[in-house]
Amino acid sequence: MKHDPRLIAAAVVLAVVLLAAGPAFLPPFYVRVGQLMLYSAGLGLAWAILGGFAGYASFGHSAFIGIGAFAAGLVESRYSGLPPVLLLPLGLAAGGLACAILSAAIAYPILRLRGTFFAIAMLGVSHVGAEVTNNIDFFQGALGLNFPPLAPADMDPAAFYYELFLAGALSILLISWLIRRSRFGAGLLSIREDEDTARMLGVPTERYKRVAFVVSAVLTGLMGVIYAHSLGYITTESVYRDDTNLSLIVYSLLGGMGTLFGPVIGAGLLVFITQVILGRLLDFHLFATGLLLVLLILMAPGGVNGLLNRKRRPA
Amino acid sequence: MDLIAQTLADGLVLGGIYALAAVGFSLIFGVLHVINLSHGVLVLLGAYLALLFSELLHIDPLLCIPPVMAVLFCIGYGYQRFLIQHAVDRASVNSMLLTFGVALMLQNVMIWLFSPDMKNITPSYAFNSFKLGPVNFDAVRVSALLASLALLSLLAAFLRYSPMGRVIRATAQQTMAARLCGVNVRHVYALTFAVSAAFAGAAGIVIGIILPFSPNDEGTWTLNAFVVVVLGGVGSPAGALIGGLLLGLVSTLTAQYIGPAFPNVTMFLLLVFLLLVRPHGLLGNAFAASR
Amino acid sequence: MSLLEVRGLSKNFRGLAAISDVSFAIAEGSITSIIGPNGAGKSTMFNLITGYLAPTAGEVRFRDRRITGLATNRIAELGVARAFQIARPFRDLSVFDNVRIGALFGKAGRRDVEAATRRAMELASIAHLATQPASALTVGQLRHLEVARAIATRADLLLADEPCAGLNPTETAAMIDVLRQVRKNGVTVVLVEHDMPSVMEVSDRLLVLDAGRLIAEGPPPVVANDPKVIAAYLGTPDAA
Chain A
89 MKHDPRLIAA
99 AVVLAVVLLA
109 AGPAFLPPFY
119 VRVGQLMLYS
129 AGLGLAWAIL
139 GGFAGYASFG
149 HSAFIGIGAF
159 AAGLVESRYS
169 GLPPVLLLPL
179 GLAAGGLACA
189 ILSAAIAYPI
199 LRLRGTFFAI
209 AMLGVSHVGA
219 EVTNNIDFFQ
229 GALGLNFPPL
239 APADMDPAAF
249 YYELFLAGAL
259 SILLISWLIR
269 RSRFGAGLLS
279 IREDEDTARM
289 LGVPTERYKR
299 VAFVVSAVLT
309 GLMGVIYAHS
319 LGYITTESVY
329 RDDTNLSLIV
339 YSLLGGMGTL
349 FGPVIGAGLL
359 VFITQVILGR
369 LLDFHLFATG
379 LLLVLLILMA
389 PGGVNGLLNR
399 KRRPA
Chain B
2 MDLIAQTLAD
12 GLVLGGIYAL
22 AAVGFSLIFG
32 VLHVINLSHG
42 VLVLLGAYLA
52 LLFSELLHID
62 PLLCIPPVMA
72 VLFCIGYGYQ
82 RFLIQHAVDR
92 ASVNSMLLTF
102 GVALMLQNVM
112 IWLFSPDMKN
122 ITPSYAFNSF
132 KLGPVNFDAV
142 RVSALLASLA
152 LLSLLAAFLR
162 YSPMGRVIRA
172 TAQQTMAARL
182 CGVNVRHVYA
192 LTFAVSAAFA
202 GAAGIVIGII
212 LPFSPNDEGT
222 WTLNAFVVVV
232 LGGVGSPAGA
242 LIGGLLLGLV
252 STLTAQYIGP
262 AFPNVTMFLL
272 LVFLLLVRPH
282 GLLGNAFAAS
292 R
Chain C
7 MSLLEVRGLS
17 KNFRGLAAIS
27 DVSFAIAEGS
37 ITSIIGPNGA
47 GKSTMFNLIT
57 GYLAPTAGEV
67 RFRDRRITGL
77 ATNRIAELGV
87 ARAFQIARPF
97 RDLSVFDNVR
107 IGALFGKAGR
117 RDVEAATRRA
127 MELASIAHLA
137 TQPASALTVG
147 QLRHLEVARA
157 IATRADLLLA
167 DEPCAGLNPT
177 ETAAMIDVLR
187 QVRKNGVTVV
197 LVEHDMPSVM
207 EVSDRLLVLD
217 AGRLIAEGPP
227 PVVANDPKVI
237 AAYLGTPDAA
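First to last, the protein sequences are chains A, B and C.
In short: position in the first sequence from 1, add 88, done, that's our numbering.
In short: position in the second sequence from 1, add 1, done, that's our numbering.
In short: position in the third sequence from 1, add 6, done, that's our numbering.
Derived from the structure by calculation, the hints contain no laboratory data.
Hints may contain errors.
[Said to hold, decoys possible] Derived SDA-like pairs: lysine to any residue, alpha-carbon spacing no greater than 25 Å straight-line:
1. C:113 to A:284
2. C:113 to A:231
3. C:113 to A:294
4. C:113 to A:230
5. C:190 to C:77
6. C:113 to A:331
7. B:120 to A:283
8. C:113 to A:270
9. C:234 to C:211
10. C:113 to A:222
11. B:120 to A:299
12. C:113 to A:283
13. C:190 to C:117
14. B:120 to A:230
15. C:190 to C:219
16. C:113 to C:148
17. B:120 to A:268
18. B:120 to A:219
19. B:132 to B:143
20. C:113 to C:142
21. C:113 to A:266
22. C:113 to C:77
23. C:113 to C:67
24. C:190 to C:8
25. C:113 to A:219
26. B:132 to B:258
27. C:113 to A:269
28. B:120 to A:326
29. C:234 to C:69
30. B:120 to A:331
31. B:120 to A:371
32. B:120 to A:222
33. B:120 to A:119
34. C:234 to C:24
35. C:113 to A:298
36. C:113 to A:268
With these hints in hand, go ahead and build the complete structure from the sequences.
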C-alpha cells in the first residue's frame, strides 16, 4: 500500500481544486446540494472523532450546532457595525469558545457514562440546550436571530457558502487525519476497543476522552456557525434538530464506523438520497433517514464500508 | 402554604401519569435489555388513536383505553417479532439505534396523518372541578390519576400472578435458564413488547386528556421514561410509580418555584447526577449484561 | 532493594475479606508465582497492585514509591504491566496494532515504537502473526499476544494471570519459554498459576495464598513440602 507521496499530494491538490471549482460549473441546484454535502461531511467527521475513533456514540451533537450558532449570532448582533470580513471570524471565535467551555464543563460527568447511557445523556443535553435557548429571552431562540449577509457583492451567496463549507470540511478532515495517525488517535482507538485494557496499558483514557469530546464539540460548533450564516435567520428549531442527531450517526454507519473517510462517504450518500432522489418529497426526509438506519442495522451493522474493510484489514 | 399543597397535589397527579408512561419502557429494559427510543412514539400513538376513537364514536376517552391497548398490543408484538428481534442479540447500541430510526419514521408518519399541530382530547367533564380543603382538583386530573393507578396495579397483578407474567419475570432474571426450561424466549420478548406498547398507548390517552400533545413530543416522553426508570429502578410497576411520582414532584416544584421553562433541565440534571452517583446502581444490578 | 513491595494489604468486599493483611516483597529480576486454591484472592491481589481495585487497608510500593491510589494508567506509566487470563485483545485491530498500542503507551519516556513492537512480538514468538486480526487467534496465541502487548510497554514488572490455564502441554511449554525469555530481558515476572509442574519449573519463589492470607513463601521445593500448604490444597481432616 506504499504509493509515491508526490503522487498522493498531486491527487489531493487536484481533488481540492476540482471541489473548489464546483460552483463555477455546477447548476445552482447542485451547488446547494454540494453545500449540504460538505456541511454534513464536516459534521460527520467532527462527530466521528468521538463516536467513531473513541467509540462514544453521541445522540445529541446538534447541541453543539445550536450552541455555536447562537453564541455566534448573539455576539455578532452586538458588534453588527463591524465589516463582514471581521464578523465571521468573530462569530467563529464566539461559537467555538462557547462549545469549548460548555463541552469541557460537561465532559467529566458525562464521559463517565458508557455506551447507551452516554448516548442518551447526550440526547438529553441537546434537548435541554434547545429548551434553555427557547425559553430564556436572552438567547432569542423562540424569536429568532438574524445573521448579516457576508458574501461579497460580486459573488453568488450559494457559491460563497459552498466554499466556506468546503474549507470547514477539509480542515476537519485534515484534523481527523492528523489525529488518526497520532499517538492520541491510537489511544482513542484502544478506548473504543476496550477501555479498561487501554487504561491498563497506560493510555490516559480519561484525559483522551475529554480532549476528543471537546475537539469534536468545537468543530461541530464551528460548522454550526457557518450553517447559521448560510441560513441568514435561525430559531431554536432550525439548529437543535433531532434529525441531525440521527443523521450524524447514520453517516458513520453508512460509510464505515471509525474509518477516516466513512463519515464523508456516508454524508455524501445520505444527502444525495434525500436531496436528489427524494428532492421533491421534502416531508419524506425524516422517514427516509429513519428507514435507512433501520435497514443498515438489520442488514449491515458494521456499515457498508465496514463489511469491505473487514475483508481487507489484514493488509 | 396553599400554593405548596396545590403544587404537591399537581405533582402527584403528573407523577402518576409519568409512572404509567414509563412502565412499558421499564419492562422492555428489564426483560430485553433494550432501550426503546420509540417508546414516546407509542405513547403518542395511543393519544392519537384515542382522539380518533372518541371523536368518531362520541365516547369518553377513558373508555377508549381497552381498544387502544388492544391495537398497540398487536403493533408491539409485530414490531418486536419482525424488527427488534433481529437486532436484540447484537450490541445494545444497535437495538437502540434501530428504535431511534423507527421513532423518527413514525414521527414523520404522525406528522403526515395528524399534522404537526398541538392536539387535545377533551372529555365532557373537562371543566368540572372540586375542592378538597385548600386544594383544587380538576375532575380530569383526578380521573387521569385514578386511571393511571388502576392500570399500574393491573400490570403489577398481571406480572405477579398470571402464568405469563411469571414467565416474563423469570426470563428477565435468567434468560438462559428460562430458555433451558423450555421457555420460548422470542415469544416472551414479543409479548413483553406487546404489553409494554399497550401500556404506552394507555398512558398516551391519559396524557391526552390533561395535556396538549404533538408528534414532536415523542422525544420528551422517551426521555421522561428513561429518567423515571433511573430514578425508580428497572422492570417493576412499583419502581416506575416511585420514579414517576418523584419526577412529577420535581417537575411541578421546578415549574412553580424556578420557572416554567426549567422542568426538563432539572430533570436532566437529576438524571445525570443519579447516573453518576450510581452508574452501576439501579440499572447496573439488573443489567450487568447490557453494557 | 525489592522492586515491588506489598505492605499489610487488605481488601474487603461488603465485609467479606478477600485479602487480609498480606505483606511480601518481589526481588528485581525474579520469577515469583502466587499459588493457592480457587478463591484464595490471587486475582484480587493483581487487581489491587494494578490499581483496578482500591485496597481497604495497606499499600503497594513500586521502586519504593507508593502506587496505591494512583490511576491504573499512571501505574502502567511507572512500569507495571498485566497480561489477563481471559485474553482481552483489541479484537478489531491486527496483532501488530495491538502490540503497538502497548509500545505507544505504557512506561513513560521516548521510544522507538516500531522497534519496540517488533521486539515484543519476537519475544513472545508471535512475529509471524503480525498482520492477523486479533479476533482470528487461538486461545494459546492470544495469551502470547497478551504477554507481547504487556512487554511492549517496556514494563519492569509483568503480572501474568494464569498464562497457562487451558493450554495443552506443548503450548504450556512454549509459554514457559516465553516467560523465561521475558525475564532474561530484564523484566521481573509475577505469575498467578494453577499448573503446578510449570510453576515448580519456572519459579524462583512461591507465595501461597489461602482464604486471603499469605500462609507460606519460599523456594518451590520448600513450599511444596510445607504442611500448611498441603493442608490448604487437600483440606485438613476436620475441615473436609
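Hint check:
1. Our distance criterion of 25 Å between C-alpha atoms is met by residue 113 of chain C and residue 284 of chain A, whose separation comes to about 17 Å.
2. At most 25 Å may separate the alpha-carbon atoms for a hinted pair to count; residue 113 of chain C and residue 231 of chain A exceed this at roughly 56 Å.
3. A distance of roughly 17 Å separates the Cα atoms of residue 113 of chain C and residue 294 of chain A; the hinted pair therefore holds under the 25 Å criterion.
4. Annotation: proposed proximity of residue 113 of chain C to residue 230 of chain A is violated, straight-line Cα distance about 54 Å (limit 25 Å).
5. Taking the CA atoms of residue 190 of chain C and residue 77 of chain C, the gap is about 29 Å. The hint is violated against a cut of 25 Å.
6. Between the alpha carbons of residue 113 of chain C and residue 331 of chain A the distance comes to roughly 44 Å, so the proposed pair goes past 25 Å and is violated.
7. A distance of roughly 47 Å separates the Cα atoms of residue 120 of chain B and residue 283 of chain A; the hinted pair therefore is violated under the 25 Å criterion.
8. Taking the CA atoms of residue 113 of chain C and residue 270 of chain A, the gap is about 18 Å. The hint holds against a cut of 25 Å.
9. For the suggested pair residue 234 of chain C and residue 211 of chain C, the alpha carbons sit about 17 Å apart, so the restraint of at most 25 Å is met.
10. Pair hint residue 113 of chain C plus residue 222 of chain A does not hold up; C-alpha atoms about 50 Å apart against a cutoff of 25 Å.
11. Among the hinted pairs, residue 120 of chain B with residue 299 of chain A is inconsistent with the structure: their alpha-carbon atoms are about 44 Å apart, more than 25 Å.
12. A threshold of 25 Å between alpha carbons decides the hint, and for residue 113 of chain C with residue 283 of chain A the separation of about 18 Å falls inside it, so the pair holds.
13. About 20 Å separates the Cα atoms of residue 190 of chain C and residue 117 of chain C, which keeps this hinted pair within 25 Å; it holds.
14. A hinted pair counts as satisfied when its Cα atoms are at most 25 Å apart, and residue 120 of chain B with residue 230 of chain A qualifies at roughly 20 Å.
15. Between residue 190 of chain C and residue 219 of chain C, the direct Cα distance comes to roughly 31 Å. Violation of the 25 Å bound is thereby established for this hinted pair.
16. About 22 Å separates the Cα atoms of residue 113 of chain C and residue 148 of chain C, which keeps this hinted pair within 25 Å; it holds.
17. For the hint linking residue 120 of chain B to residue 268 of chain A, the alpha-carbon distance of about 49 Å lies beyond 25 Å, and the restraint is violated.
18. Taking the CA atoms of residue 120 of chain B and residue 219 of chain A, the gap is about 20 Å. The hint holds against a cut of 25 Å.
19. Restraint check for residue 132 of chain B and residue 143 of chain B: the C-alpha separation of about 12 Å stays at or below 25 Å, so the hint holds.
20. In summary, the hint linking residue 113 of chain C to residue 142 of chain C is not supported, as the alpha carbons are separated by about 28 Å, beyond the 25 Å threshold.
21. A C-alpha spacing of about 24 Å is found between residue 113 of chain C and residue 266 of chain A, which places the hinted pair at or below 25 Å, so the restraint holds.
22. Proximity of residue 113 of chain C to residue 77 of chain C is assessed by CA-CA distance (about 14 Å); at most 25 Å being required, the pair is judged to hold.
23. Proposed proximity of residue 113 of chain C and residue 67 of chain C is supported: the alpha carbons are some 16 Å apart, at most 25 Å.
24. As the CA atoms of residue 190 of chain C and residue 8 of chain C are separated by approximately 18 Å, the hinted pair is consistent with the 25 Å bound.
25. Distance restraint check for residue 113 of chain C and residue 219 of chain A: the Cα-Cα separation of roughly 47 Å exceeds the 25 Å cut-off, and the hinted pair is therefore not satisfied.
26. Note on residue 132 of chain B and residue 258 of chain B: the hinted pairing holds, with a Cα-Cα distance of about 23 Å set against a maximum of 25 Å.
27. Using a Cα cut-off of 25 Å, the hinted pair residue 113 of chain C and residue 269 of chain A holds, with the two alpha carbons roughly 21 Å apart.
28. Of the supplied pair hints, the one linking residue 120 of chain B and residue 326 of chain A holds, its CA atoms being roughly 23 Å apart against a limit of 25 Å.
29. With a CA separation close to 31 Å, the supplied pair residue 234 of chain C and residue 69 of chain C exceeds the 25 Å bound.
30. In summary, the hint linking residue 120 of chain B to residue 331 of chain A is supported, as the alpha carbons are separated by about 23 Å, within the 25 Å threshold.
31. For the given pair, residue 120 of chain B sits about 20 Å from residue 371 of chain A by alpha-carbon distance, which is consistent with the 25 Å threshold.
32. Annotation: proposed proximity of residue 120 of chain B to residue 222 of chain A holds, straight-line Cα distance about 21 Å (limit 25 Å).
33. Simply put, residue 120 of chain B and residue 119 of chain A have alpha-carbon atoms about 39 Å apart, too far for the 25 Å limit, and the pair is violated.
34. With a CA separation close to 19 Å, the supplied pair residue 234 of chain C and residue 24 of chain C stays within the 25 Å bound.
35. Taken as a hint, the residue 113 of chain C and residue 298 of chain A pair is honoured in the structure, with Cα atoms around 22 Å apart against an allowance of 25 Å.
36. Taking the CA atoms of residue 113 of chain C and residue 268 of chain A, the gap is about 22 Å. The hint holds against a cut of 25 Å.
Of the numbered hints given earlier, the model fails hints 2, 4, 5, 6, 7, 10, 11, 15, 17, 20, 25, 29, 33; all others are met.
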